[in-house]
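Protein chains in written order, with our numbering: chain A, 1 to 116; chain B, 1 to 113.
Everything labelled a hint here was simulated from the structure, so no lab data went into it.
Check the hints yourself; a few may be wrong.
[Unchecked claim] If you anchor each label on the Cβ, the simulated ranges turn out as follows:
(1) 14(A) <-> 18(B): 25 to 33 Å
(2) 71(B) <-> 16(A): 45 to 53 Å
(3) 82(A) <-> 67(B): 38 to 46 Å
(4) 53(B) <-> 12(A): 27 to 35 Å
(5) 65(B) <-> 40(A): 24 to 32 Å
(6) 16(A) <-> 15(B): 46 to 54 Å
Beta carbons are placed, not taken as given, at the ideal position from N, Cα and C, and that holds for glycine.
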Amino acid sequence: GDSVTQMEGPVTLSEEAFLTINCTYTATGYPSLFWYVQYPGEGLQLLLKATKADDKGSNKGFEATYRKETTSFHLEKGSVQVSDSAVYFCALSDRGLTGGGNKLTFGTGTQLKVEL
Amino acid sequence: DVKVTQSSRYLVKRTGEKVFLECVQDMDHENMFWYRQDPGLGLRLIYFSYDVKMKEKGDIPEGYSVSREKKERFSLILESASTNQTSMYLCATKRPERTDTQYFGPGTRLTVL
Chain A
1 GDSVTQMEGP VTLSEEAFLT INCTYTATGY PSLFWYVQYP GEGLQLLLKA TKADDKGSNK
61 GFEATYRKET TSFHLEKGSV QVSDSAVYFC ALSDRGLTGG GNKLTFGTGT QLKVEL
Chain B
1 DVKVTQSSRY LVKRTGEKVF LECVQDMDHE NMFWYRQDPG LGLRLIYFSY DVKMKEKGDI
61 PEGYSVSREK KERFSLILES ASTNQTSMYL CATKRPERTD TQYFGPGTRL TVL
């Protein structure tokens with residue numbers, strides 16, 4: 001079945017450091033790929049997504065490129081801020097369930113802590 | 001903006017109690033989902049619904065049931081709560097299109113004593 005593997009945390013960085021959170025996936029066909037972010041005490045919110053190979057998703061300075069050849073979707077940001085401290089989840093959307101309700105398969109999440 | 005609300009942010013129940021978690025969305029989305037979130041395990045799908053009165057089991061449906069009598073409301077039911085159901089429960093909603101985003105509620109942290 002589908003699966004998502006992302007690097008374990010916590011990841012601790014100094015403000016303005018470069019961030020990479022690795023994500024690789026296993027899926028049949030051509031899934032859509034997502035990064036969600038969860039700030040303390042809140043639900044998940046979409047950070048960015050890519051729906052086909054070589055697409056680059058970007059938002060709030062974060063970027064990730066859908067690499068089919070390496071089955072990866074690594075999250076990067078050039079200069080992190082304290083406000084980026086959160087848990088980041090990589091996810092993929094399969095081809096479709098009954099009625100078109102696509103299930104998301106999540107990685108285990110990576111906690112990011114950014115310090116001054 | 002899509003708004004997904006959950007009935008409680010924090011809930012404490014006793015073993016054996018029947019527990020209802022409610023989720024309401026205001027965007028007329030067809031698909032609704034219930035996940036539980038546990039440290040080290042990420043999010044796991046419990047049940048989903050793609051239309052009123054329709055439901056499908058997810059990856060971990062045991063010990064749970066759901067109800068969707070109206071399009072905007074999706075309820076998760078723990079028939080007889082157990083301590084291993086202590087978790088964060090997240091509701092999500094989306095349109096049927098494959099690439100569409102899932103929108104999440106703020107979550108309910110349930111503790112079963």
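key: Hint check against the structure, violated hint numbers in rising order   = Failing hints, ascending: 1 and 4.
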